[in-house]
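Visitor: Read top to bottom, the protein sequences are chains A and B. According to full-length UniProt numbering, numbering within the first sequence proceeds without interruption in unit steps and concludes at 224. According to full-length UniProt numbering, numbering within the second sequence proceeds without interruption in unit steps and concludes at 224.
One or more of the hints may lead you astray.
Pairs count within a copy or across copies, as identical chains cannot be separated in the list.
Claimed, not checked - DSBU-like, lysine-lysine: derived pairs with alpha carbons at most 35 Å apart:
id, residue 1, residue 2
1, Lys-129, Lys-102
2, Lys-102, Lys-144
3, Lys-129, Lys-193
4, Lys-193, Lys-102
5, Lys-47, Lys-102
6, Lys-102, Lys-91
7, Lys-47, Lys-193
Calculated directly from the structure, the hints in this document are not laboratory data. All of these numbers come straight from a predicted model, not from anything done at the bench.
There are 2 protein chains.
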Amino acid sequence: MQTLIIVAHPQLAESSTQQFLRQGANLADATWRPLQAPFTLATEQAKLLSAERIIWQFPLYWYSAPAILKSWQDQVLTSEFALRQQSLAGKELGIVVTTDTKASAYQSGAAEQFTLAELLRPYQALANKLGLRWLPPFAIHQFKYQTEIQQQQLLIDYQQYLTLPQPATFEQRQQWFEQRLQQMTTRAPAMQKETLQLLGEQLATNRDNLAELRWTVEQMREDE
Amino acid sequence: MQTLIIVAHPQLAESSTQQFLRQGANLADATWRPLQAPFTLATEQAKLLSAERIIWQFPLYWYSAPAILKSWQDQVLTSEFALRQQSLAGKELGIVVTTDTKASAYQSGAAEQFTLAELLRPYQALANKLGLRWLPPFAIHQFKYQTEIQQQQLLIDYQQYLTLPQPATFEQRQQWFEQRLQQMTTRAPAMQKETLQLLGEQLATNRDNLAELRWTVEQMREDE
């Protein structure tokens, strides 16, 4: 699956969060595309057509994307292209949104009063109108305050958000890990190879055990 | 009360709806201010400071304002001005939004899936953050299909939205009419003056009758 990541950020180079995500987006099946005006309609529309999953990635400025994304929407998503031809129907739309505010502030009664799901309704309505499948938004809160381990976990979640079917099953996430491990093993220096291989075998065994357990549970249910 | 109408429309001169509203906004206590980039921060912020009610007026493009309003927000509403100084706290924020879509399309299950109130949440969240009192949005659906009488009614509603306390009581709306009638009477040619005066007296009598009726009802309640 080809994923197009449209990044809307006025100071992209200075954003440590975006630079971190950029490393994560360095995948064979993902294209990193920062927005920069002016836009060439034909190029932008062709990029959209070649993608199966479209991601709008931005920091939340005044409860919405920075102006450049709206500018891009107003210009590129013409009525002819987006509505009459329904050119994007059947594709997926995901939002990767970063905020400096903690997650718990986004609820009724808290500082921001509304959930992110509520604040992102205009994008959801747009997806609905264009026949795009709306993915659950991917929110990153206070990246700077995250520990290194939290950031590593974030990177994995982000990569899975970009490329796995959404919502991803436990098995799909597990397989994704195994594939990544295999790739790492191939590229690893000799002295690490054995450890990685053992880790891979352990993961595979876990998966087999889990599948067996699930089968047993199903049998028990049938017997009842 | 001073009302600042910030109009965000990429083709303002060509919009018959906006030109129509512009006539209505020709009031002593309202300022019509179309957005045009680039913005001078000091000028924009001074304009905001001198207003008691701020209106953002725009056609709904992709379930949000045209990009120029977001661009203005991102630039003019600096953290220093809008958050740390809370410069706009205590003022009011109203939205005048026009759409080509009929009102009934904005609900769950209908074509647009969400209500306008839901789609305008980002502006409501912004009002909340800045300490602005959020007014019920003023929506204009399919202006072109409205009859002349509907449009005249719209103009009155619009003018009242701009200048009356919100929500306006029946008495406030009535008084507003009487004031307008007095102004018209003063400026009218002699042969119309008498008719307008009679109409004014009729309105005043109605109001007195209504006040009397209300007083009677209150008395009856007290007697119970």
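Visitor: At most 35 Å between CA atoms: does that hold for Lys-193 and Lys-102 within a copy, between copies, both, or neither?
Guide: neither (40 Å within a copy, 64 Å between copies)
Visitor: Using 35 Å as the alpha-carbon threshold, which applies to Lys-47 and Lys-193: within, between, both, or neither?
Guide: neither (39 Å within a copy, 67 Å between copies)
Visitor: Between copies, within a copy, both or neither: which fits Lys-47 and Lys-102 at Cα up to 35 Å?
Guide: both (34 Å within a copy, 33 Å between copies)
Visitor: For the identical chains here, do Lys-129 and Lys-193 meet the 35 Å Cα criterion within one copy, between copies, both, or neither?
Guide: neither (50 Å within a copy, 54 Å between copies)
Visitor: Reference check for the pair Lys-102 and Lys-144, CA-CA at most 35 Å: within, between, both, or neither?
Guide: within (11 Å within a copy, 45 Å between copies)
Visitor: 35 Å Cα cut-off: does Lys-129 pair with Lys-102 within a copy, between copies, both or neither?
Guide: both (31 Å within a copy, 15 Å between copies)
Visitor: Within, between, both or neither: how does the pair Lys-102, Lys-91 come out at a Cα-Cα threshold of 35 Å?
Guide: For Lys-102 and Lys-91, both the intra-copy (31 Å) and inter-copy (27 Å) Cα distances are at most 35 Å.
In terms of the numbered hints stated before, the structure departs from hints 3, 4 and 7, listed from lowest to highest.
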